[in-house]
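This is what each chain is made of:
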Amino acid sequence: MMLNHIPDSIEIIDYKDDGKDTRHYRFRLLSKTHHSHWHETQAGQFFMLNVPEVGEAPFTFTEPPNEQNEFSALIRKMASVTSALFDLSKGQIVGARGPFGQGWPHTILKDEYILIVAGGCGLAPLVHLINTLIATTENKKIVLIYGARDEQSQMLIAQQKRWLKTITIYHTLDQVSEDSNFNDGFNLLKGTPLDVLPQALSSFNSLPSKVLLCGPEVMMNSIAQTSIGRGIPETSIYLSLERRMHCAVGLCGHCYLGDQYVCKQGPTFSWQQLQSFRSTA
Amino acid sequence: MNIYLLDDIKKLQLHLTYQYQLHQIVKNNQGQSHWQQISTDQFPTLLHEKAQTSIKDFFFAQQENILVFNGEYFQETLPSPNPFVLFGVQSCDLVAVNYQDKFFKNDPYYQARRKHCLLVGLDCISPCEHGFCPTVNAGPGVRSHTADLILHPLVNQPLEKPQWLLIEGSEKGAMAIKHMTIKGQPLETAHWHYLTQRDLTLKACKQKFSDDSHINIAIEKINNNNVSAVFWQKVAIQCIGCSGCTSLCPTCSCYGTRSIKLPNDNISQERFWDSCLYEGFQKEASFHNPTAEAGKRVERFWRHKFSDGIATEFDRYGCVGCGRCEQTCPGVIGVHSIMKRIANDA
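Line by line, the protein sequences are chains A and B.
The working numbering numbers the first residue of the first sequence as 11 and each following residue consecutively.
The working numbering numbers the first residue of the second sequence as -14 and each following residue consecutively.
Some clues are possibly wrong.
No farther apart than 20 Å at their CA atoms in a straight line, the calculated lysine-lysine pairs in the PhoX-like style are these [stated by the list, open to error]:
no. : chain 1 : residue 1 : chain 2 : residue 2
1   : A       : K171      : A       : K26
2   : B       : K100      : B       : K87
3   : B       : K268      : B       : K(-5)
4   : A       : K87       : A       : K30
5   : A       : K274      : B       : K(-5)
6   : B       : K100      : A       : K87
7   : B       : K100      : A       : K274
8   : A       : K274      : B       : K87
9   : B       : K157      : B       : K87
10  : A       : K87       : A       : K26
11  : B       : K281      : B       : K268
In case anyone wonders, no lab produced these hints; they're calculated from the structure.
Taking the hints into account, I'd like the entire structure generated from these sequences.
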């Protein structure tokens, strides 16, 4: 079947700020002419947002398209595409193609002990998964470590407060100010997610059966290596990678990783897969 | 598939122009050979040398609009070229098109052009400068699955005898010459011994290629991970990121996209050739750049040409041995230069 490079039209129906230069966007699909799999979106998959006259960039769904054809994304103002989006108003029309890529492993619903480590914007690709885990499964132990540079850079705090009823959350900040709030239910520590990893791991009765990582690659590499050192198998550690993408269908070449394309074979990889690709990188 | 004898190539050119726009390699005033559309009253001599550029841009355009946005909806803008024939394509370039056919199998823009093209291959009977097609199984004889028609020059043939062998390579090729007649007569069928003669000529041509053992040694080293990051960084100092190699390489296919406002206020999106050797090729909006080091980019380029992983996916290496990168690289790290250094120093 021929690929379709053409976006469907979407309307910006709402947005609200969350953290520094970051917004939750709510979109509505106005047409499904070019892409017919919107309602099969898996947690961890992504879409290409097209801001006409500016360009395209990949973003993850924080909520996949629902029956009203509405979906959400957390978007941080970084460069041309996101800056132009931030200048648009509610009701304006942009474009979207998707869903693309491989999401988080389906087997995770069967796991009892799950450790999730996210840094900065890296929490966004995990939101839909965490919501699904909380809504569909019981008797699970889920621990989230969320690292950010400082309090202003933290995102999804309201969402995380809702999760607190069900999961344990550690916050780490590179810089902690004097008035940082230590009493809002989160375990706040100065440092990086790696500093809190031993404490988080020891909170499980046994080792977590899945470790999910998303954030800066340096952070993910160090967490993965430490987890492996603690006896967690390479096949149980999953990462979501960020790469520049133009096509999202394995043609333009920009997101290559060894002989693979992150847009097609990823963005979610097991640590074991990743090592085999990196050996050909 | 049938085999015919031809005494005059112009008769085939003329016949094909009844159905196709003819393109052929010609030489300009500076002695550079390039592809050009040919008018029907002036058929140039068939050149036995590859063009400076490959034929990839006939299918994968250097720059093209892929959609238009009218403020409400996005619409596809597919190309619709007239049927055209590329007449006299060397085997290396045909093998590359076959590779690209697989890569762009599901790309509507590539396929919209490709389906209108008839490929007439031309056997090489002597090696070309920098070429090493036999080493990478891409020539000198045209592979039958890569061309619709194949032309083979019959060497040492008396002048009064036919000078060319015309071989059908596909159903499309067979259809293109089905009604071709010469002086009211159908084409003369060739005896099978002409194919034996062709094999002998191509074998003799293969033997004339210079020793390319450095290519095979280096391929093995690359795939055994015996080339260090330090080596790649060292040679990458010579890469000035000019994109000469990626533009001329017949199997390179990276592209970027950009949005443009049209005079009628509609917005179009264009895709254009990009190069994995540009510093910003993988640079993200966050400024994170997984290939910020030139060594990583140069390594990626050569792995894309010689990795076993690519060979598994496409049934062959990404390099077809045309040698254009060697010819063009101002930093002297084209294929022979780099593979020799890998074979000897890495």
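What hint numbers does the structure not satisfy? 3, 5, 6 and 7
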